[in-house]
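*Asks:* So the protein lines, in turn, are chains A and B.
Sequential numbering from 0 applies to the first sequence in numbering that gives the first Met the number 0.
Sequential numbering from 0 applies to the second sequence in numbering that gives the first Met the number 0.
Read the hints as simulated data drawn from the structure, not as lab findings.
For every residue, glycine included, the Cβ atom is placed at its ideal position computed from N, Cα and C.
Check before you lean on any hint, since a few could be wrong.
Stated by the list, open to error - Restricting the straight-line Cα-Cα distance to at most 30 Å, the calculated cross-link-like pairs of lysine-lysine (DSSO-like) are:
1) Lys132(A) / Lys117(B)
2) Lys117(B) / Lys292(A)
3) Lys309(B) / Lys285(A)
4) Lys429(A) / Lys309(B)
5) Lys364(B) / Lys429(A)
6) Lys292(A) / Lys415(B)
7) Lys309(B) / Lys292(A)
8) Lys25(A) / Lys415(B)
9) Lys415(B) / Lys285(A)
Claimed, not checked - Here are a few chain B residues that sit away from chain A, every Cβ distance over 12 Å (derived from the structure):
10) Ala15
11) Phe40
12) Glu43
13) Arg65
14) Ile175
15) Met189
16) Pro355
17) Ala357
18) Glu363
19) Glu449
To be verified - Short derived list, chain B residues pointing at chain A, Cβ under 7 Å:
20) Pro416
21) His485
22) Gly486
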Amino acid sequence: MPTVDIDPDELRALAGHDDVDDEELKDDLFGLGLEFEGRTEDGAFELEFAPDRLDRLSVEGVARSLRYQYGDARGVHVPSTNSAEWTIKVDDSVPDERPYVTGAVIRDVSLDEDGLDSLIQLQEKLHATMGRKRAKGAIGVHDLTMLKGASATDADTPTIEYVGVEPDEDRFVPLDSDAELTPAEVLEEHDTGRTYADLVSEYERYPAIYDDIGLFSFPPVINGRRTEVSTESRDLFVEMTGTDQWTIDKMLNIVCYALAARGATIEDVTVEYDDHEIVRPDLSTKTKSVPHKRIETILGLNLDPDEVIDLAERSGLEATKEDGEDADELVYEFTIPPYRVDVLHPLDVIDDLGRAYGFNELEPEYPDVGTVGGRHERSRLEDAARTQLVGLGFEDLLNFHMISEEENYERLDIAPDADAYGAGEAATIKEPYSEDFTMLRTWVMPSLLMVLERNTHRAYPQHLAEIGFTAAVDERENTGVTEQRHVGAALANHDAGYEDAKARLQALARRFDVELETPPTEHPTFISGRTASVVIDGEEVGVIGEVHPKVLVEHDLEVPVAAFEFELAALQ
Amino acid sequence: MQLPAAQVAVLEAASADEATFVDALAEATDLPPETVTGAVFELEAEGLVTVSERVDETITLTDEGREYAEIELPEISLYEAALEADADDDPVSMGQVIGASGLEGPQVDIALSNYARKGYGQIDSGEITADPDADPASDEEASALQALAAGEGLDDAEVRDQLERRGLLEISETTIREATVTDDGVTELMAGLETAETVGQVTPDLLTGGEWEDVEFAEYNVEADAEQFEGGRVHILRQTADRVKDVLVGMGFQEMEGPHVDADFWINDCLFMPQDHPARTHWDRFALEQPTHIDDLPEELVTDVERAHKEGVGPDGEGYHSPWDEDFARALALRGHTTSLSTRYLSGEEIGEIEPPARFFSVEKVYRNDTLDPTHLLEFFQIEGWVMAEDLSVRDLMGTFEEFYAQFGIEDIQFKPHYNPYTEPSFELFGTHPTTGELVEIGNSGIFREEMLEPLGVECDVMAWGLALERLLMLMYGFEDIRDIHGTLCDLELLRETEVTY
Numbered sequence: 000m001p002t003v004d005i006d007p008d009e010l011r012a013l014a015g016h017d018d019v020d021d022e023e024l025k026d027d028l029f030g031l032g033l034e035f036e037g038r039t040e041d042g043a044f045e046l047e048f049a050p051d052r053l054d055r056l057s058v059e060g061v062a063r064s065l066r067y068q069y070g071d072a073r074g075v076h077v078p079s080t081n082s083a084e085w086t087i088k089v090d091d092s093v094p095d096e097r098p099y100v101t102g103a104v105i106r107d108v109s110l111d112e113d114g115l116d117s118l119i120q121l122q123e124k125l126h127a128t129m130g131r132k133r134a135k136g137a138i139g140v141h142d143l144t145m146l147k148g149a150s151a152t153d154a155d156t157p158t159i160e161y162v163g164v165e166p167d168e169d170r171f172v173p174l175d176s177d178a179e180l181t182p183a184e185v186l187e188e189h190d191t192g193r194t195y196a197d198l199v200s201e202y203e204r205y206p207a208i209y210d211d212i213g214l215f216s217f218p219p220v221i222n223g224r225r226t227e228v229s230t231e232s233r234d235l236f237v238e239m240t241g242t243d244q245w246t247i248d249k250m251l252n253i254v255c256y257a258l259a260a261r262g263a264t265i266e267d268v269t270v271e272y273d274d275h276e277i278v279r280p281d282l283s284t285k286t287k288s289v290p291h292k293r294i295e296t297i298l299g300l301n302l303d304p305d306e307v308i309d310l311a312e313r314s315g316l317e318a319t320k321e322d323g324e325d326a327d328e329l330v331y332e333f334t335i336p337p338y339r340v341d342v343l344h345p346l347d348v349i350d351d352l353g354r355a356y357g358f359n360e361l362e363p364e365y366p367d368v369g370t371v372g373g374r375h376e377r378s379r380l381e382d383a384a385r386t387q388l389v390g391l392g393f394e395d396l397l398n399f400h401m402i403s404e405e406e407n408y409e410r411l412d413i414a415p416d417a418d419a420y421g422a423g424e425a426a427t428i429k430e431p432y433s434e435d436f437t438m439l440r441t442w443v444m445p446s447l448l449m450v451l452e453r454n455t456h457r458a459y460p461q462h463l464a465e466i467g468f469t470a471a472v473d474e475r476e477n478t479g480v481t482e483q484r485h486v487g488a489a490l491a492n493h494d495a496g497y498e499d500a501k502a503r504l505q506a507l508a509r510r511f512d513v514e515l516e517t518p519p520t521e522h523p524t525f526i527s528g529r530t531a532s533v534v535i536d537g538e539e540v541g542v543i544g545e546v547h548p549k550v551l552v553e554h555d556l557e558v559p560v561a562a563f564e565f566e567l568a569a570l571q
Numbered sequence: 000m001q002l003p004a005a006q007v008a009v010l011e012a013a014s015a016d017e018a019t020f021v022d023a024l025a026e027a028t029d030l031p032p033e034t035v036t037g038a039v040f041e042l043e044a045e046g047l048v049t050v051s052e053r054v055d056e057t058i059t060l061t062d063e064g065r066e067y068a069e070i071e072l073p074e075i076s077l078y079e080a081a082l083e084a085d086a087d088d089d090p091v092s093m094g095q096v097i098g099a100s101g102l103e104g105p106q107v108d109i110a111l112s113n114y115a116r117k118g119y120g121q122i123d124s125g126e127i128t129a130d131p132d133a134d135p136a137s138d139e140e141a142s143a144l145q146a147l148a149a150g151e152g153l154d155d156a157e158v159r160d161q162l163e164r165r166g167l168l169e170i171s172e173t174t175i176r177e178a179t180v181t182d183d184g185v186t187e188l189m190a191g192l193e194t195a196e197t198v199g200q201v202t203p204d205l206l207t208g209g210e211w212e213d214v215e216f217a218e219y220n221v222e223a224d225a226e227q228f229e230g231g232r233v234h235i236l237r238q239t240a241d242r243v244k245d246v247l248v249g250m251g252f253q254e255m256e257g258p259h260v261d262a263d264f265w266i267n268d269c270l271f272m273p274q275d276h277p278a279r280t281h282w283d284r285f286a287l288e289q290p291t292h293i294d295d296l297p298e299e300l301v302t303d304v305e306r307a308h309k310e311g312v313g314p315d316g317e318g319y320h321s322p323w324d325e326d327f328a329r330a331l332a333l334r335g336h337t338t339s340l341s342t343r344y345l346s347g348e349e350i351g352e353i354e355p356p357a358r359f360f361s362v363e364k365v366y367r368n369d370t371l372d373p374t375h376l377l378e379f380f381q382i383e384g385w386v387m388a389e390d391l392s393v394r395d396l397m398g399t400f401e402e403f404y405a406q407f408g409i410e411d412i413q414f415k416p417h418y419n420p421y422t423e424p425s426f427e428l429f430g431t432h433p434t435t436g437e438l439v440e441i442g443n444s445g446i447f448r449e450e451m452l453e454p455l456g457v458e459c460d461v462m463a464w465g466l467a468l469e470r471l472l473m474l475m476y477g478f479e480d481i482r483d484i485h486g487t488l489c490d491l492e493l494l495r496e497t498e499v500t501y
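Produce the entire structure from the sequences given, and follow the hints as far as they go.
*Replies:* Structure follows, in structure tokens:
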């Protein structure tokens, strides 16, 4: 889960509670779902959070939540904004893959080192979460005084332009660099450029933002050095580009709330698309209607309407009674503040109310619902067969389903396309963890031999069995893969022979009342003349034999091994 | 008459004129004394010998007694040191004398408590005097110890009791038995005895021919360890899984079953997981290289799931602002959770429409591209469960878990509010480790979102949870490295030795 670093002193200051000591603070944060993981080198709290409340990705957001929890804040607060001076004009040349932009002007910020660090962390965390590593949304923050707005229509509306450029069309000095580079050069030569190159390298035209002086930002990769923000910066221009308007607008709201919490003034920006115009940030609230009864049902509580309204306000929401005087018909309209990105459904409001109430205050109750339990037939068959195998003296194993081609085929001397039991086309893994786990095993025998190989220092006899999952490509199946359980058994001992294996196979067949035949066959894993097909009720379903010395030596075994394997379903 | 070999030997070795000790009989017959004792009683029961018993006392020195016999009694050491310090004239400081005596630790107390009793002198107010007339050479206790150490006896009962009280000697009693051949015995001896045959094995002939009545069975060393036997046993993780299944079936749950290789649609899209969710990237899952896509998905359901993702559910619902592509949903992968079975069952795809109330579960394998370490495997078993009913509350969810985990000795379940894309409210479950008392995460749970249930056609509430079986196993058995148990690196010895639990 993601983590966020929060300076406890700054948190206390912003929350207005200098009186809370570190331990109390940790408990209060746990109550918000922020788990203390440790301290950073600078002594800040490292907090782990579930990625729903992205408005808590910075100290300002966490402080806001604490103020609600402490009861110092109630209801919904929306910062006021001044009307727009600046315009972002979206040009036709903008790449189709990244058509959206949003922005805001922030006035009168005073960022000390901590404030600047917090803003940088907030950007990074938003990039990592909502921004999907900048693919969906990327943030650029600029020093407004370094921008010169081109006047597009009249002198009062300074304008910057979001455009698409040829990869080598123009040059600018990116952050952390002294050289003038083209966007294409940034992707090759600049560290940050290389990191994010994949995001745009397929584009025909690269996204770029211009003011009257020239190119100053290459989203989503890097900003220009000219507009870099420092502790000296007083006015900021925040722009965000992305693949989805809602996502970047919400990211912008979270940044605006964080800066407003430090006393800044928010100023609107006009975004001018080809066919329409929008004003941002969009700090409008949303509403969700939730019936009183539904709240009571989900929480398993009887609540007074005033209590519901109180819980809502303590959660940073507002609730008004909408319909019905009768508690059975009562519906509330909840107001959701613009920084919340996680409220998709009325149910999400109920979760907030439950957290404000305290879920751990609820008394657990066993649901008074009668149902009849039972096992799946396949799993009953598997258990029955396993019980028989154990009774026949086999030690039950449990091996991995993922294996390598080498283990599955080569070390047992079979080819994937061989006409031999256990061969078959493998279901393969696209990006395996390691070369040991590249496919799903087509049979159980390789796993049994691997266990024997690993346990040559342990006492013999080793009578091993596994009823295990196997898979192979089969176009007739909907998933393209046939999945089976195989019964695999191996007898390793100084005098183990075909008859020992056959005796046990016969016993299994007899107990499940199926007809067993073992006509001779050839199989590369087994010794010629001591190998048979397992034919159950007339169907060829497996193989039995003495393992070939070639395979034994390959597995470092110094004792004979007799083995069989067949499809579990044949015992049905 | 026929008698077992041991009885014959004993009867022949014994005499009608004088009583013979069992030990002597054992020596004469070359049989173990316990065998001879057994034979003597058998013979007595048959009236061929008489047995007389007497109890003998044996006195042995304890380690401490042997030490004093070799060196000297601590009180004598003290007396000698006191004389040296001229305590026979005037009282001398006790500390000085003890220091000079070389006595240490408990011996100091032993010396002091016996000093005055035996008339070596007086101890008063921290000072010690020595009686010039006392004579260590005639100390009875010292002489008795030396006599015993030399293997001689000790007749003086008073001295013996005193030394026993001091823990310097031990008195043990042994029963001595003597046998004398009776007249009947002599008659039988004269008539001639036959030795009954000794056999090693009960055989069919022996039983059917009735010979077993006259034979004696060769004795075994019944205390010796037998050859180690392994036999078969169910794998410990399977056994744990079976126990979980038992508990769940007992709680009214029915078992689910379904494909390990499945379309992302069933694994993630039906769970209202946005397609650009970080968990759906290649880092976390095992996508298949071959085959790549599922053939068929239920068309109507695909449409409904896509709508839920894009537009949300209900008049106030909002969807995700994420792309949704059917081709992406059809991609095959190893399931990352068995919730894919839940979505298949809830949709009616597996066993038709399910009417509430219903409870379902599975204990099946899931696959995650995690880093392999002692507590993480690429494949592990997930316990999946859900309850479908009208109007379920989070209290029902909590009550169900408490009941379930209590079966495994895990009490005091704590619920931490959590976030999952497919449940709301959601809880992480924490439990107290039965032996270490640590608080450990044991599962994840919640009430399925309407955005998930509505497209699946479910019109009532469903609460669900998931838990790693290996986690439960490690809690129950205290294993440290799960790789010793599960997989081809397993150690047969560990599997063989794991204690049986139930």
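*Asks:* Flag every earlier hint the structure violates by its number, smallest first.
*Replies:* 1, 2, 16, 17, 18 and 19
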